[in-house]
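Single-letter residue listing:
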Amino acid sequence: MITRKKILPYLLVSPYIVHFLLFVAFPVVFSIVLTFHKWNIIAPMEYTGLNNYVRLFNDKTFIKSMGNTLIFLLFHIPLQIIVALFLAEILNQKLKLRGVFRGAFFLPVIVSGVVVTILWQQLYGFDTGLFNRLLTGVGLSKVGWLTDPSIAMVSIAVMATWKNVGLYIILFLVGLQTVPAQYYEAADLEGANHWQKFFKITLPMINPTIFMVVILSTIGGFSLFIEPYIMTGGGPLNSTVSAVLYIYKQGFFYYHMGYAATLGLFFALIILAVVVIQKKFIEKDH
Amino acid sequence: MFYIALTICAVIFVYPFYWMVIASIAPENEIGSLTIMPTSLTLSSYAQMVDKIPIGGAFINSLIVASSITIGVLIFGSMIGYALSKLVFKGRDLIFYIIIFTMTLPFQITLIPQYIIMVKFGWIDTYYALIVPYLINALSIIMFRQYFKSIPDSLIDAARLDGCNELQIIFRILWPNSMPAIITIGIITFMASWNEVLWPLIVIRDESLMTMPQLVTLFAVGGRAESQLGVKLASAVMLALPIVLAYLFFQKYFIQSMASTGIKE
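As given, the protein sequences belong to chains A and B, one line each in that order. Going letter by letter, the first sequence gives residues 1160 to 1445 in the working numbering. Going letter by letter, the second sequence gives residues 8 to 272 in the working numbering.
These are computed hints drawn from the structure, not numbers from a lab. Because the structure is a prediction, the values reported are computed rather than measured. The reader is advised that the hints may include incorrect statements.
Subject to a maximum C-alpha distance of 30 Å in a straight line, what follows is the list of computed DSSO-like cross-link-like pairs (lysine-lysine) [unchecked claim]: (1) A:Lys1408 / B:Lys127; (2) B:Lys59 / A:Lys1408; (3) B:Lys93 / A:Lys1165; (4) B:Lys97 / A:Lys1164; (5) A:Lys1439 / A:Lys1359; (6) A:Lys1197 / B:Lys127; (7) A:Lys1197 / A:Lys1219; (8) B:Lys156 / A:Lys1164; (9) A:Lys1164 / B:Lys93.
Based on the provided sequences and hints, a complete structural model is requested.
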C-alpha cells in the first residue's frame, strides 16, 4: 500500500515525462547536433563543422528575413497598442451594446489565419481589391499592396493587427479595470482634463499590459508563416520572407535539415533574447 | 460620439467577413465590383469547390483530430495537474519548473527535429502525426494545477474515505467541480487545433488525410482554384463557419478563455 502510494504520483505524471523527453528534450539536443551536420534525411548525416553557421551569416535571405521581421514589428506593435488602447478606452465607458461591439472586434481573433489571409489577399488585390477601388473612387492612384516590395510587409503587418487587436482590447480592458476609481476622482477635483488623466494615470497604471502586448506581438512576429505563405510566397524580391517561412523553405522544400535546424536555433535564441530584454525593462519600471 | 467611433470600427472588423460570404454566393463576374449585394445569388462556387477538393473528408479529419486532441489534453492535463497540486512526491517542483520552461521555449527550435521523429516513427501521412504531439499541453497542465489548488483538500479526503481511487477522484470529484477550467481549456485547445496549419503542411501529403486549413491553403496557393475568387472564398467560408457558429453561441466563454491565456503568458 505504501509503495503504491509512492509510485502513483509518478504514474500520473509519466505521460508528461515521456512527452517532454520525446518532443522537447530530445528535439532541442538533436537540433543542436543537426547544426553541425548536413543531412537530407535519406542519405547518411555528414559532419560539416561550423559550415552551417558560416553560411548563416553570409545568407542574404536570412538577413532579409530578420529585416522583414523588424519592419513587421516596427509597424505592428505601435499600431496594435494605439488601436487596442483607443478602443478599450471607449469600451471602458458604461455604454449600451458594449458586449456587441466587443464581440465584433473579437471576431477575427477566433477565425483561422488562413481565412483572414485569403480574405485580405482579395481586399489588397491590385485591380479589383476593395482598397484600390476605394482609392480610385476618390481619385487617387492604385497601390501595389502586395506587389510593391517596400509596402508588402507593412500590408501584412496591418492585416495581422486587424486579426489580433480584439484580444489586446480585452487585455487592456482587464488592465483598465485595475486602475482605482479614486485616482480619477482626485484628478477631477484638481481639474485635470481627459488627456492629462490618460497620460498621468491610465498609461503608467497599465504599463504591465503594454509590455505583455509587446512580448506577445514580438513572439507573433517571429512566428509569422501562413500570411506570407498564402499571400506572397515570400515575394516580391523576398520582401515578405519571414523567419518561419524561411525555416520551412530550407527544411521542407530543399530538405536542408542541418541548415534549417541552424535557422530554427538562431531564431529561437533571438526570440528568447528579445523577451528577456523586454522583461528586464518591466522589472526596471517597477 | 463614442457610438459613431465604435460603429465605424465595428464595420471595419465585420464588413470583410460579410463581403467574403456574399462574394462566395455571387456570380463570379460580379465579385470584382461587389460591395453590398450581388444582383443574383448562386451556389455555383460551392458546387465547384465540392467538385475540386475533398472538403467533406477534410471536415471529418479536422473534427477527428481536434476532438481527439481536446479530449487528450483534458484527460492528461487534469491527471498531471492533480498530481502537481494535490500530491506530495520527490521531483514535483522540478517537473513544475520544466513545464514552465517548456512554455517559454520557442517552437522554431523543435520544429525540424520533431518532423524527423515523425519520419523515423513512420507517422508521416497518419493521424498519429497530427494528434500525438499535441496530446500534452504545458499551459493546460498549469491551468488545471492552478484551478485544483482552489478546491479544498477536505473534498478529496472525504472521497478517499469513501473508497475512491485517484482516477475516480480526478474524474468523479474534481471534474464536476472544475467546469470553468474544463470549458476554458477545451475551447482554447479545440480552436487552436482546428486552426493549426503549419504542422499539417509538414507531416501530411496525402490529400485524403488533410485537415481543413491545410486543404484550403493548398487550394488557395495551388493552381486548382484557377484564379476563381468565388471558389477560393467559398472554401474559406467553410473553414471559418464551425468556429464562428460556436463563437456566436459561446461568445462569453471564448473571450474569457482567450483573455485568460494571454494573461497567464
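If you draw a straight line from the CA of Lys1408 of chain A to the CA of Lys127 of chain B, is it 30 Å or shorter? Measuring from Cα to Cα gives roughly 21 Å; hence the hint holds.
Hint consistency between Lys1439 of chain A and Lys1359 of chain A [alpha-carbon to alpha-carbon, up to 30 Å]: Roughly 23 Å separates the two Cα atoms, so the pair holds.
Proposed proximity, Lys93 of chain B with Lys1164 of chain A (alpha carbon, max 30 Å): holds, 13 Å
Lys1197 of chain A and Lys127 of chain B: Cα distance at most 30 Å? OK: Lys1197 of chain A and Lys127 of chain B at ~18 Å, within 30 Å.
Does Lys1408 of chain A sit within 30 Å of Lys59 of chain B, going by the straight-line distance between their CA atoms? Roughly 27 Å between the alpha carbons, so the hint for Lys59 of chain B and Lys1408 of chain A holds.
If you draw a straight line from the CA of Lys93 of chain B to the CA of Lys1165 of chain A, is it 30 Å or shorter? This hinted pair holds, its Cα atoms lying about 13 Å apart.
Lys1197 of chain A and Lys1219 of chain A: Cα distance at most 30 Å? holds, 20 Å
Verify the proposed pairing of Lys156 of chain B with Lys1164 of chain A, using a straight-line Cα cut of 30 Å. holds, 20 Å
Are the Cα positions of Lys97 of chain B and Lys1164 of chain A separated by 30 Å at most? holds, 13 Å
In summary, the structure agrees with every hint in the numbered list given earlier.
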